[in-house]
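Number of protein chains: 2
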Amino acid sequence: MNTLAEENYLKCIYHLGIDAAIVSTNQIAASLNTKASSVTDMLKKLADKALINYTRYQGVTLTQAGEKIAVGIIRKHRLWEYFLVEKLNFKWDQVHDMAEEMEHISSQELVDRLDEFMGFPKHDPHGDPIPDCNGRFKTPELIPLSTLVVNQCGVISGVRDHTSPFLQYLEKQQLTIGKKITITDIIEYDHSVALKIETDKEIHISREVANNLLIAL
Amino acid sequence: MNTLAEENYLKCIYHLGIDAAIVSTNQIAASLNTKASSVTDMLKKLADKALINYTRYQGVTLTQAGEKIAVGIIRKHRLWEYFLVEKLNFKWDQVHDMAEEMEHISSQELVDRLDEFMGFPKHDPHGDPIPDCNGRFKTPELIPLSTLVVNQCGVISGVRDHTSPFLQYLEKQQLTIGKKITITDIIEYDHSVALKIETDKEIHISREVANNLLIAL
DNA sequence: TAAAAAATTTAGACTTATCTAAAATATGAA
DNA sequence: TTCATATTTTAGATAAGTCTAAATTTTTTA
Numbered sequence: 005m006n007t008l009a010e011e012n013y014l015k016c017i018y019h020l021g022i023d024a025a026i027v028s029t030n031q032i033a034a035s036l037n038t039k040a041s042s043v044t045d046m047l048k049k050l051a052d053k054a055l056i057n058y059t060r061y062q063g064v065t066l067t068q069a070g071e072k073i074a075v076g077i078i079r080k081h082r083l084w085e086y087f088l089v090e091k092l093n094f095k096w097d098q099v100h101d102m103a104e105e106m107e108h109i110s111s112q113e114l115v116d117r118l119d120e121f122m123g124f125p126k127h128d129p130h131g132d133p134i135p136d137c138n139g140r141f142k143t144p145e146l147i148p149l150s151t152l153v154v155n156q157c158g159v160i161s162g163v164r165d166h167t168s169p170f171l172q173y174l175e176k177q178q179l180t181i182g183k184k185i186t187i188t189d190i191i192e193y194d195h196s197v198a199l200k201i202e203t204d205k206e207i208h209i210s211r212e213v214a215n216n217l218l219i220a221l
Numbered sequence: 005m006n007t008l009a010e011e012n013y014l015k016c017i018y019h020l021g022i023d024a025a026i027v028s029t030n031q032i033a034a035s036l037n038t039k040a041s042s043v044t045d046m047l048k049k050l051a052d053k054a055l056i057n058y059t060r061y062q063g064v065t066l067t068q069a070g071e072k073i074a075v076g077i078i079r080k081h082r083l084w085e086y087f088l089v090e091k092l093n094f095k096w097d098q099v100h101d102m103a104e105e106m107e108h109i110s111s112q113e114l115v116d117r118l119d120e121f122m123g124f125p126k127h128d129p130h131g132d133p134i135p136d137c138n139g140r141f142k143t144p145e146l147i148p149l150s151t152l153v154v155n156q157c158g159v160i161s162g163v164r165d166h167t168s169p170f171l172q173y174l175e176k177q178q179l180t181i182g183k184k185i186t187i188t189d190i191i192e193y194d195h196s197v198a199l200k201i202e203t204d205k206e207i208h209i210s211r212e213v214a215n216n217l218l219i220a221l
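Protein chains in written order, with our numbering: chain F, 5 to 221; chain H, 5 to 221.
Watch out, some of these pointers could steer you wrong.
Since the list gives no way to pick out one identical chain from another, each pair is judged satisfied if it fits inside one copy or across any two copies.
Derived SDA-like pairs: lysine to any residue, alpha-carbon spacing no greater than 20 angstroms straight-line [as the list claims (entries may be wrong)]: (1) 95 - 116; (2) 183 - 144; (3) 91 - 109; (4) 91 - 125; (5) 176 - 203; (6) 142 - 76; (7) 200 - 189; (8) 126 - 113; (9) 91 - 121; (10) 72 - 12; (11) 95 - 109; (12) 95 - 111; (13) 91 - 115; (14) 95 - 120; (15) 91 - 116; (16) 183 - 34; (17) 95 - 113; (18) 91 - 124; (19) 91 - 120; (20) 72 - 121; (21) 95 - 112; (22) 183 - 147; (23) 176 - 166; (24) 95 - 133; (25) 95 - 110; (26) 95 - 212.
In short, the hints are calculated from the structure, not lab data.
Using the sequences plus the hints, can you model the full thing?
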């Protein structure tokens, strides 16, 4: 088995690897709030375990074995988030830190039974896809709301920012997963966006918010 | 917050303290599969944190603060065991190791909501009482089955041995929590016991098994 | 394309929790 | 009540994961 620190590095490399073919030491250090020298030490260890491909000064990628572990952790994280929201009635902005602890519970059978207990959910409370017990999942085509044009419509299906303040703001504005929205206006001056939620409510959001809201067309 | 190791020491001292006013270094070492010298180191640390009362060579007791933490961990352990058995359909002999990991998940609100979700259960799958959110619980008067006499009856309400082989054996014999039993015979030679389960099944168990089965009269 | 800047690694140190071996203290049997 | 034994503590070492500071390599830019 792997230590907690190892698991966190693998998960981090996986996430950073989504936007970049190769992940750098400094990216990992920034993401984990640690120092580059600490990262280097851990990279050597993970390379020895054949969980990453690593050459000095050249950044890292996950091996198949490493990716499998990372996806397993993400599966657990998202299933526990779903559990916390759907079964224990937490809000979507409260569950991240708890799931961060729970994702390290080791039993494979536990996760699989939890999955079954909840009816094999496909998405966590933030819209992120939940890998199945074989680690398979598909990432739907989502685009930032900021790329839509006037009169275009779509469904809120994910967020780029998972922090509490952002999620709380969205909740207050009723900008939650599954809601259908239509762009009614885009203000040239600051790129802020006016939009209609479902059929009634009309609201106005900043460019930054629009950038962090993901839409399925 | 306390480290995982600290929590395990506190829980261990609590359990050992049930049968003895003062807990010794060697008892803790045996119980945690560690060395006495390691225990001494940790005792100093816990004493510095005012979680135990400790004087060199004199053994330890928990302070009120230490006991509160220990009971909190036991509450979490037992609630998760209940969850695993009642919601995820695990057998009572499969849940201990998983709960051992889950008991260290820190959120107080999570445990309390879990408790509520399950309807505030009073006992875990092995019959042990679950402390409420204020750490209060009462230990019912239970006696080993081996102390009963012929024709005496009672209800199986707990076990002294929580290991898988013992629990599996009990399950196979239908000697599970809640079953009413009546002693039909006690064999002088080896102190083994013949008994009737509920109204029908008649079985024969060893002295050792009888010693580890707890009965409410 | 060479020097400056940025990124990364190495070297050496610290903390936590553990260990072995030796020393100190307590216990209990003669 | 003293000595042998058992228990406990101290001293010093080790592994994991982190840190700072210095050295090395890569990248950028002039």
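- [ ] Just pull the numbers of the violated hints for me, sorted ascending.
- [x] 16, 20 and 26
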